[in-house]
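Undergrad: What follows is the residue order along each chain.
There are 4 protein chains.
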Amino acid sequence: MIKASIIGATGYTGLELVRLLHRHKNVELKSLTSQSFEGQDLSNIYPNLKGYCFEKCVEGDIPKVVGESDLVFIALPHGHSVKVVQEAYAQGKKVIDLGADFRFDEGDIYEAWYKVDHGGKELLSKAVYGLPEINRTKISQANIIGNPGCYPTSIVLGLAPALKYKVVEPNSIIIDAKSGVSGAGRKLALSSHFVEANENVNAYGVGTHRHTPEIEQELGKIAGEELKVSFTPHLMPMTRGILSTIYASLRGDWTTEQVRAIYHEFYQDEPFVHLLPEGQWPHTKWVYGSNNCHLNLVVDPRTNRLIITSAIDNLVKGAAGQAIQNMNLLFDLPETTGLLSPGMFP
Amino acid sequence: MIKASIIGATGYTGLELVRLLHRHKNVELKSLTSQSFEGQDLSNIYPNLKGYCFEKCVEGDIPKVVGESDLVFIALPHGHSVKVVQEAYAQGKKVIDLGADFRFDEGDIYEAWYKVDHGGKELLSKAVYGLPEINRTKISQANIIGNPGCYPTSIVLGLAPALKYKVVEPNSIIIDAKSGVSGAGRKLALSSHFVEANENVNAYGVGTHRHTPEIEQELGKIAGEELKVSFTPHLMPMTRGILSTIYASLRGDWTTEQVRAIYHEFYQDEPFVHLLPEGQWPHTKWVYGSNNCHLNLVVDPRTNRLIITSAIDNLVKGAAGQAIQNMNLLFDLPETTGLLSPGMFP
Amino acid sequence: MIKASIIGATGYTGLELVRLLHRHKNVELKSLTSQSFEGQDLSNIYPNLKGYCFEKCVEGDIPKVVGESDLVFIALPHGHSVKVVQEAYAQGKKVIDLGADFRFDEGDIYEAWYKVDHGGKELLSKAVYGLPEINRTKISQANIIGNPGCYPTSIVLGLAPALKYKVVEPNSIIIDAKSGVSGAGRKLALSSHFVEANENVNAYGVGTHRHTPEIEQELGKIAGEELKVSFTPHLMPMTRGILSTIYASLRGDWTTEQVRAIYHEFYQDEPFVHLLPEGQWPHTKWVYGSNNCHLNLVVDPRTNRLIITSAIDNLVKGAAGQAIQNMNLLFDLPETTGLLSPGMFP
Amino acid sequence: MIKASIIGATGYTGLELVRLLHRHKNVELKSLTSQSFEGQDLSNIYPNLKGYCFEKCVEGDIPKVVGESDLVFIALPHGHSVKVVQEAYAQGKKVIDLGADFRFDEGDIYEAWYKVDHGGKELLSKAVYGLPEINRTKISQANIIGNPGCYPTSIVLGLAPALKYKVVEPNSIIIDAKSGVSGAGRKLALSSHFVEANENVNAYGVGTHRHTPEIEQELGKIAGEELKVSFTPHLMPMTRGILSTIYASLRGDWTTEQVRAIYHEFYQDEPFVHLLPEGQWPHTKWVYGSNNCHLNLVVDPRTNRLIITSAIDNLVKGAAGQAIQNMNLLFDLPETTGLLSPGMFP
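Protein chains in written order, with this note's numbering: chain Y, 1398 to 1743; chain H, 1398 to 1743; chain V, 1398 to 1743; chain Z, 1398 to 1743.
Be careful, since some hints might not be right.
The list treats identical chains as interchangeable, and a pair is accepted whether it falls inside one copy or across any two copies.
Unchecked claim - Taking lysine-lysine pairs in the DSBU-like style, the calculated list, with each CA pair at most 35 Å apart, reads:
(1) Lys1535 with Lys1427
(2) Lys1584 with Lys1453
(3) Lys1584 with Lys1400
(4) Lys1563 with Lys1523
(5) Lys1461 with Lys1480
(6) Lys1625 with Lys1563
(7) Lys1535 with Lys1461
If you're looking for bench data, these hints aren't it; they were derived computationally from the structure.
In this text the structure is predicted, and so the values were computed from the model without any measurement.
Go ahead and model the full structure; you've got the sequences and the hints to work with.
TA: This is the structure we're talking about:
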């Protein structure tokens, strides 16, 4: 049994980790820490857990929590993970940070976009970007995982084959992404207030969203060259789900069939990434609650562009599910352990 | 392994059976029949199953399907189950009807409310009403299960302790129930059209809903006397979930604490029924996708009434999950097999 | 032109007043006060007003605001209206309080349910409960209007004819009410957080909601006797709308037709209250954005109960629209001025 | 008074025309035709009209309806307008077609994309594309108006200044558009079924949507050159609203400020088009139920692209409201008559 703890268990990502780990047969939950709810039953904060989870939230005594665990998940806002990662590293324990602090190769880029000091740049080179479909081998040998952002997950999976096989011009990429409101977390805000978010769609952070450099870093590695993308996130009146619609100019002539063949080959052995039949465009509800990523694409001969759409559940493949997929790799378990379930539809 | 088939696999209830049976370790799916989609991959009709379900829909050759199965689930509209049940009975196979045809002790009541000939009344006495928390022993010895309706499930669980212990006046019961739109199925209708159902709440079938006699039959058995209820269903702008708010006049003096004690005792060993802490009123989202039923109640001393609210997921505890719970009983498996999961929140 | 000011213009009720007054040809907006947004353009806070409303929010200098106005609308949380009403009364100006402070005949009941000192009980006898369909004449002669709560409006309109004509037993009344989230205002709260309210229904304040004594006071006056009701509010995953489902035992024998005739006669000249055809149950979306109240009812001969459903838009007939209807009466304008518009459907 | 009739009054667009014309002081409704509901009260089909609209639906005797009208609105599916337009033209009456049949300069393009014979190409040269902000003068002199599609309205308004002033490369334009479900009309379809559309986002018609040639035609005229766009529509879980997010490569160097100045000048006298303050991105709920179009934009110096978002209500500025704006121009009324209202928020 893997002894696992969660630092920051009472946000939506922490809760989703608990829900998913509950059905993972190789994990024993040790400590669930919470600043706001210390001493309370987690099932009192989240009554969906009533009868299933009997843990209490504990204070965040990091050395102690790390000490009793084989693995620590960090589900804190960015800027708060470094100390936990340092402690885990010092104690020789494995750690998966679901925040942004360990996703970047270069601390300067992190600091420029996140406007905080990193405080632990020396560990960045030890961390692996935890997108298993791209970095499977490295992940399995790592101790520190920077779990990808939700938007970048949907986007990198959507573009990886096209960039790797030089189907598209790297600097032509435009990504229009749509997210459910749970992506903004449980923190109260007017933009997440039901009355303001319901029956509404809007763009936000246009040209300035912090996932942009993460997307560019990872796509650039796959493309083998630096690139810049336009990335525009939008808020949707729904709880879960991200749909990324991706546009890119073709390098030379390609048919839909040819590009589909490349994607098919790239993903045919992947348990969680599914290229849908031609003409069947991904619906976020089809991956609701699952670790799946649904893809489809078309070459538009009128404009010589490739158009891809990619759907995930932001809390699962975009956060907690992917973290568990990474955990399975870290501990040499079958990668799909505890994660094989279809989306909940309807 | 139980060889199970589903007659009518392409409605929402059939789909939910497939989703839940997929993770049940003792079941092997044999035939999934469908009139409308014969020959098609189920995962093409419901792409959430992509990569998980490789079955094709087959035509409904009932003798053949029954013959190859240990158990048949019927997920057809009411009025279509009798032939399947007769065939199963003749072949000595077990059958769980998720429709209304085998829920009634008296065929005449069924015919009066459903306005169709039953056509198989001789089998009604062989059928058991499949609410495990009430009829566990009988279910385990039966061959034909009439799986309860979604509304009745939430209501009978909500009222059973109060009626059994004569806390309330049987004829004072008023039930105001709220359901998500999936309860109306996949059949296209204006009342299920997004644009008409969104941002809207309305009552329907006031005083005439077909679940009324089913509720009265089961509550009457628990109360030990005939009773009549007011039952008003409402449509909610959401996909899944039923919340039943139940009002009844107290017989004599009771405190909230006393009634809670009765409910606690009645349900303390039930894996799926949870009495929430005082003052924490059930939210349908807390049981979303799960087989759980959340209850709470209060005695209002101003009006001398007991008020109970009861939340379930109409497609799980209100249909497919309960059917699997019944299957576990029929085949002497632990009752919770394949069903132990918390609600998906958020 | 009526010079009107709004104290607390930046809540949803204040905003709805601005939206509706904008199309009222006899009103000139003077001051819009706001504690939080003083000095800002209202159209910057609420960009739907861009190009329509050019007012800035001002500080709440009450004597000055009252002095320059013929009428003051108060759209503050309860407990904050007394000083404004006292000032208006002293200056001989008219005032409509959209909060609860001037709805009660007896200050003690207010204080018992709202748990605050009233601080201006001497003015309660000068205030009129502003439900025009019931109190039209008194309103037209008053200076202080206690504008009804949203739930009470839907409920009193739903029950008035039945109580006045002694169709039902006063103490048998049970009200199950469903409200959109805007009823909870713009103040951030977990229960109004999109992710928690979406795809969810729950009861709240069971047996303890503050609208209970207001409902009882007004129904009691119509019935001519004191009465107690069960009132259970529920939160619905939608922005606007209240549906109240009302149950009451019949006094003697009544048919649906007879009760419909009473309701028809009671409301036939009312511009905003509409009894729908038999069997057509009110949908909240049908009154969305309008000052209308839709009613329907049925006598259930099985249980000898009358069941009524009543739909309003909580922000219009349940708040700002009704306030303007009251204003029209106060200033001897045609009562429907600025309010005649059908619900926005779809 | 303008005598106006609506051919096809019982779809959502027809209903919205009725709702908006109801408050237009210069219009008298003559005939409301309907194939499906002939002889019924419109307020019985759409009970939101109860007490406001007393018209009955009549059969579509086109010569008679045209004869008694000064203006005919056609709210039929594409392919059904030609006969009505021919009749109106023959009788010298004005006609506004809200469908696609009279939006194209070249019938061949219409036929290629819509896959039907046009049947009245000789009248295309008499028709004017009814986007008042672009074609105001021509509209006022026309007899046949092809009322723009909902997507094209949001897009052409979003791009007109940038194309006219050569800010962007015409062939670089990518449009990612998001629409509420009412855009798909009242016809029952699985994609508009509540349970399938709720909690879901998906692209559809990728590269093949019929609004593409309409967008290209109108943008091309403004740009002064032929162009091709990528246009991807998406379905959103909401009733009303379109948000178009538009990406285009800059021609030369531009700052956000410079482009804002161009947009400001272009639209400063427009009553319905509003450029929001820098950084305030359009929300569809802000224009809900109104004839307004909200715009904002930013120059992204990292990628040298202009990004614009444009929000309208698809049923108002995207259909019925724009038709009434055109009517006002046709009959020499102030263009804003009956249309000046802010969006309904919340």
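Undergrad: Does each hint hold? Answer for all of them.
TA: For each hint, the structure was consulted:
In the homo-oligomer, the alpha carbons of Lys1535 and Lys1427 lie at most 35 Å apart inside one protomer (27 Å), although the nearest pairing across protomers, at 41 Å, exceeds that limit. Proximity of Lys1584 and Lys1453 under a CA criterion of 35 Å is satisfied in both settings, with 21 Å inside one chain copy and 30 Å between copies. Proximity of Lys1584 to Lys1400 under the C-alpha cut-off of 35 Å is restricted to the intra-copy arrangement: shortest distance 29 Å within a copy versus 41 Å between copies. Taking identical chains as interchangeable, the C-alpha atoms of Lys1563 and Lys1523 lie at most 35 Å apart only when both belong to the same chain, with a minimum of 29 Å there against 49 Å between chains.
Taking the shortest Cα distances, Lys1461 and Lys1480 sit within 35 Å of each other inside one copy (13 Å), while across copies they are farther apart (56 Å). In this assembly of identical chains, Lys1625 and Lys1563 lie within 35 Å of each other by CA distance both inside one copy and across copies; the values are 16 Å within and 24 Å between. In this homomeric assembly, Lys1535 and Lys1461 come within 35 Å of each other (Cα to Cα) only inside a single copy, at 28 Å, whereas the closest approach across copies is 52 Å.
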